[in-house]
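*Asks:* Taken in order, the first sequence gives residues 0 to 422; the numbers are from numbering that gives the first Met the number 0.
Treat the hints loosely; a few may be bogus.
To be verified - Straight-line alpha carbon distances no greater than 35 Å define the calculated DSBU-like cross-link-like pairs of lysine-lysine that follow:
| no. | residue 1 | residue 2 |
| --- | --- | --- |
| 1 | K4 | K373 |
| 2 | K114 | K4 |
| 3 | K210 | K114 |
| 4 | K37 | K373 |
| 5 | K37 | K210 |
| 6 | K310 | K135 |
| 7 | K372 | K37 |
| 8 | K372 | K4 |
| 9 | K373 | K55 |
| 10 | K114 | K135 |
| 11 | K135 | K154 |
| 12 | K37 | K55 |
| 13 | K4 | K37 |
| 14 | K59 | K37 |
| 15 | K210 | K4 |
To be verified - Per label pair, the in silico range of CB-to-CB distance:
| no. | residue 1 | residue 2 | range |
| --- | --- | --- | --- |
| 16 | G21 | V191 | 33 to 39 Å |
| 17 | D223 | R7 | 27 to 33 Å |
| 18 | R271 | F211 | 24 to 30 Å |
| 19 | D240 | R50 | 28 to 34 Å |
These aren't lab readings, by the way, just hints derived from the structure by calculation. C-beta: ideal position from N, C-alpha, C; glycine also.
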Amino acid sequence: MLDVKYLRADPEAVAVQLARRGFEFDVAGFQSLEERRKALQTRTEQLQAERNSRSKNIGKAKAQGQDIAPLLADVERLGGELDAARAELDSVQNSLTALTQGLPNLPHASVPDGKDENDNVEVRRWGDPRPAEGAKDHADLGEALGLMDFAMAAKLTGARFTVLRGQLARLHRALAQFMLDVHTTEHGYQEVYVPYIVNGTSLLGTGQLPKFGEDLFTLQGDHDWRLIPTAEVPVTNFLRDEILAAEELPQRWVAHTPCFRSEAGSAGRDTRGMIRQHQFDKVELVHASLPEHSYETLELLVSHAEAILQKLELPYRVVALCAGDMGASAAKTYDLEVWLPSQNTYREISSCSNCEAFQARRMLARYRHPETKKPELLHTLNGSGVAVGRAMVAVLENYQRPDGRIDVPTVLRPYMGGLEVIG
RNA sequence: GGAGAGAUGGCCGAGUGGACGAAGGCGCUCCCCUGCUAAGGGAGUAUACGGCUUAUACCCGUAUCGAGGGUUCGAAUCCCUCUCUCUCCGCCA
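Based on the sequences and whatever the hints tell you, model everything.
*Replies:* Here is the structure:
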């Protein structure tokens with residue numbers, strides 16, 4: 000959510016900044032709603048104040064044994080007026096909330112202009128991409144080894160799921176373990192284990208709701224429960240309704256969880272292989288930061304994700320997303336894209352964002368300012384460190400031998416019982 | 001799943017219809033006193049929002065005693081629904 004005060008003070012400036020994302024903000028509509036809200040709220044609160052003071056008088060009169068009948072008659076009309084005013088205020092406020100909760104974050108000044116992924120800006124590259132010639136894709140490699148089974152997954156569930164067996168199942172686990180170990184022992188993260196099911200309030204806090212509910216799997220039953228689309232949701236919501244001491248910042252958490260996405264609207268995209276699944280594992284990094292440090296924290300976060308790819312010796316590039324390609328909660332996002340020889344291109348394997356106070360404002364995540372002693376919104380950041388499924392895809396494709404067997408990256412061998420080659 | 005008890009401010013804890021945003025204690029902040037490794041005295045100490053405002057400073061107002069709804073002129077207090085916690089039983093990893 001954006002700062003309402005700023006929205007009111009300078010809606011045109013907000014509209015200009017949101018236009019960079021291709022988002023059209025209806026300034027006139029907002030302002031007319033605001034005017035009505037202001038008038039109604041003032042009136043409602045006045046009526047409430049009046050009712051409160053009269054009710055107190057009734058109490059006093061009663062205590063003194065006076066006749067309260069005339070006072071009751073006097074206050075009678077207030078009830079109806081108050082109810083009407085309140086109802087009208089509620090409806091205006093609901094419209095306003097719907098409008099403001101639907102607004103995406105303002106892009107940071109350093110975010111490049113552009114409307115989609117084609118306008119993203121490459122920041123740097125690492126490693127030497129192996130040529131595409133003769134490279135098989137991960138699905139062919141895995142199926143040929145007999146260790147990756149899409150047909151079985153389709154039988155069990157449906158499209159966009161995978162069954163892994165044997166050394167590939169272990170490779171998948173090894174990757175997750177390796178990433179967790181690097182982040183906890185070298186980068187100072189606290190490992191956390193969290194629910195894979197969250198309530199609607201949590202999803203509202205991180206911004207998946209109210210606008211992006213169709214991307215989520217909803218559970219049946221009495222609870223307002225959904226499967227997490229990313230560990231960002233449960234972990235960031237640690238901070239909801241909390242006021243941290245300034246000394247408690249920064250906080251760094253890492254969680255390995257499955258992620259569930261309905262992939263609504265992705266029909267036909269990446270239907271082959273493990274690139275785009277309804278269920279995938281991810282190691283997620285979440286930071287809570289002082290506002291003044293959040294941009295250096297973002298660079299740090301990216302470097303932590305990069306460290307994983309470097310240790311795995313997977314070629315990648317870092318891309319700054321343009322304003323039009325960023326997620327709604329982000330003020331600035333870097334993607335890490337790993338080299339996939341079968342596609343002769345780089346594909347997203349991590350996305351690292353500074354949400355500034357956008358999520359913090361929704362979830363009232365604050366810290367106590369050491370000088371003013373007042374609660375202030377903190378900044379939240381999150382990034383994949385990295386997607387486990389896609390990391391496995393990248394390992395298969397980049398470490399494939401001409402005979403279809405797979406070299407095990409050196410750093411993973413301790414996690415694979417010393418195994419050097421799969422197949 | 002069954003039975004019972006509970007949810008109040010940073011913490012503990014009082015409060016069963018009226019001057020209660022909430023006694024008291026602890027903690028914390030500031031001041032005073034005290035020359036000693038102690039103690040005492042005083043003041044202050046929730047959050048969100050609205051109005052006013054150059055102001056996130058005052059001031060005024062509204063809301064919040066787990067959440068939502070209801071009764072009432074008036075609800076922390078009464079009623080309903082839900083959530084969570086604890087105890088016992090059952091079941092289970």
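*Asks:* Hint by hint, work out which the structure violates, then give me just those numbers in ascending order.
*Replies:* none
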